[in-house]
Each structure stands twice: as C-alpha cells, then as structure tokens.
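Generate coordinates for the entire structure from the input sequences, incorporating the hints supplied.
Read in order, the letters of the sequence shown are residues 10 to 297 in my numbering.
If you are wondering where the hints come from, they were derived from the structure by calculation, not from laboratory data.
The reader is advised that the hints may include incorrect statements.
Said to hold, decoys possible - Below, simulated DMTMM-like cross-link-like pairs (lysine to aspartate or glutamate); rule was C-alpha separation at most 25 Å, straight line: (1) K198 x D187; (2) K53 x E23; (3) K20 x D41; (4) K198 x D225; (5) K198 x E153; (6) K123 x E164; (7) K169 x D187; (8) K115 x E164; (9) K123 x E23; (10) K123 x E283.
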Amino acid sequence: MLVLECSSVTKAAESANLSPGAVSLQLHNLADHLHTDLFVRAGKRMLPTPAALRLGEMARPVLTQMRHIEQAFASDPADDQQPFSFAAGATALIHQLGRPLRLLRKRFPNTQVKITVSATEEMVAGLIARRFDLALISLPFEHEQLSILPLFEEEMLVLKPSPKSVRGWHVGSLQAADFASAPFILYPKRSNMRTIIDGFFRELGLAPEVIMEADDTEAIKRLVEAGFGHSILPGHALRGGPRFFHMYRVPGHRIARQQALATARTDHPRALTESIAQFLQAALTSRK
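This is how it looks when you write it as structure tokens:
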C-alpha cells in the first residue's frame, strides 16, 4: 500500500523504516504469489498496474480491520479504544467515588467507561467471566482467580433509631448487652457484608433477631430512621445530616471492612486496566 501511495520504493521504504531492497523483495514475492505484474517503472516512479489498483481496493478494509485489532489489544493505554467496564457497590459510588471518577474521565478522556452498580459477590462473578475489567469490592473475599489491590479499611458502626433529629458526627459507646435483644435490619445472608457482621456478632457471643434484610445501604438507613430496628453499616454512608439514628462502637470489638480493587488474575493483563487501577488507587487512598 505504501508503494501504491508513494509511487516510489525509496519513499515507501522510508515510511516503513525498511531498506529499499527489502521493499523491492516483498513486491517481487507478492507479484510471484499472485501471478501478476503489480508495478511498472517509469523513470524514478513506480506506476501501478490495474491489478495493483484492484489489490489496493481489496486490501484497504483488511488493513483497517488489522488496525482495529491492534487497538483492541494495544499494550499502550493511550491506544486502547475499547470500552472499559468498572463495577462498584452503590455505597462506594455515592460516598467515595464521585471525585475519583471525575478525575478519571479527565485523565482518560477518550476511554468509554461503563459503570455497573452491584454487590461484591456479583462483581466477583463478573470479573471471572470477564464482563468487568475492574471492580471495587469489600474484603475479606477469598478467590484464587482474583488479583487484589488493597486500598483502605472502613469502620462499620452500630446504628440505633432516634426519635429526634441528630446533627454532627458523634460516635458513642455501647455494650453488647445493650442491644442483645434489639431487632436488626441487615444485609442478606448471601452477601459479603453480612459475613463480616455475622463474625462480629459471633465475637460478641450474640445471636441477633434479624427482622428484615436489604441489599441497599441507603434503604437500610431509612428503615432504621423509621424506627424499625438497629443495624450495622459502613461509616462513609453515615456522614452528613441531619439523621434519625445514633451511632455506636462496642469497646474492644472493632468491626470494619477492607476496600480493594480487584481484577481477574491473568498472565496477560490489559494495560489500560492496570493504568486505571493505579490511578484509582492513588485517588482513593490520597483522601484517607
């Protein structure tokens, strides 16, 4: 194609960073393979034959497709033009990812980023199935098919309904006996968050009365505020106000979840995924 565009073996060789001899040999071999003459010399110029013009028309879409394939598997993030799928929980998206995602769009303006809001269990399944490139998940979550990039620990607090509006950030102390018989609204049994909370109750020697379950942190907050029961939620979701609940720690029994970025374990990681993961790690941990 370069000889066709340049009408010169020398200029085509310069564009391809090859020697004129190498280009001439390739032309000769191609002509032999196709059993036709492709160029005729006219002084210093190489004039295409009708066969060369026909070959050029047929080759252009093939070359375009080859460039698309190279971009799809680009090793340079700047050249990767394929959509990027990121997954996160609703709580993280609402309370932690606003600024980092705005910065991400400025840093990678040509990348089509698709966001999926999901629970950790569904995000892990999506990573393994390659539906997601990267996910912000809650640990502990053991899975040998994941590569984990730890971020920070997030404290979780016990919530107790309040009949009056509460302002400011104050976390009181509560003994296990103070809420041993209280009704609780918790995440579903199948969730990673519930696993963390159940471990906390076992450490306290309690078997709480769970009257309702909900996947959504914001929904649980509203149910607590409405007076239906106690709960245990991550601290980031509790800031702001006013609110209709009090927050407590149990002395000597800290409960927390670890936040981490996760990708599917592979011998051939996507360069764009590694670059975005490093960017989000810096953006999320710089505020801690």
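Open item on the list: Run the distance test for K53 versus E23: straight-line Cα separation, threshold 25 Å.
Closed with: holds, 15 Å
Task: Restraint status (C-alpha distance of K123 to E283 at most 25 Å) - done: holds, 16 Å
Task: Holds or violated: K198 to D187, with C-alpha atoms at most 25 Å apart - done: At roughly 24 Å apart (the allowed maximum being 25 Å), D187 and K198 satisfy the hint.
TODO: Compare the distance between the alpha carbons of K198 and D225 with 25 Å, and conclude whether the hinted pair is satisfied.
DONE: Status holds; Cα separation ~13 Å.
Task: Straight-line alpha-carbon gap K169 to D187, limit 25 Å - done: holds, 11 Å
Task: Restraint status (C-alpha distance of K123 to E23 at most 25 Å) - done: violated, 41 Å
Open item on the list: Please verify whether K115 and E164 have alpha carbons no more than 25 Å apart.
Closed with: Between K115 and E164 the Cα gap is close to 31 Å, so the pair fails against 25 Å, i.e. violated.
Open item on the list: For K123 and E164, compute the direct alpha-carbon distance and say whether it is at most 25 Å.
Closed with: violated, 29 Å
TODO: Sort out whether D41 lies within 25 Å of K20, counting only the CA atoms.
DONE: Distance ~23 Å between K20 and D41 Cα, so the pair holds.
Task: Given pair status - E153, K198, alpha carbons within 25 Å - done: holds, 22 Å
When each numbered hint is compared with the structure, violations occur for hints 6, 8, 9.
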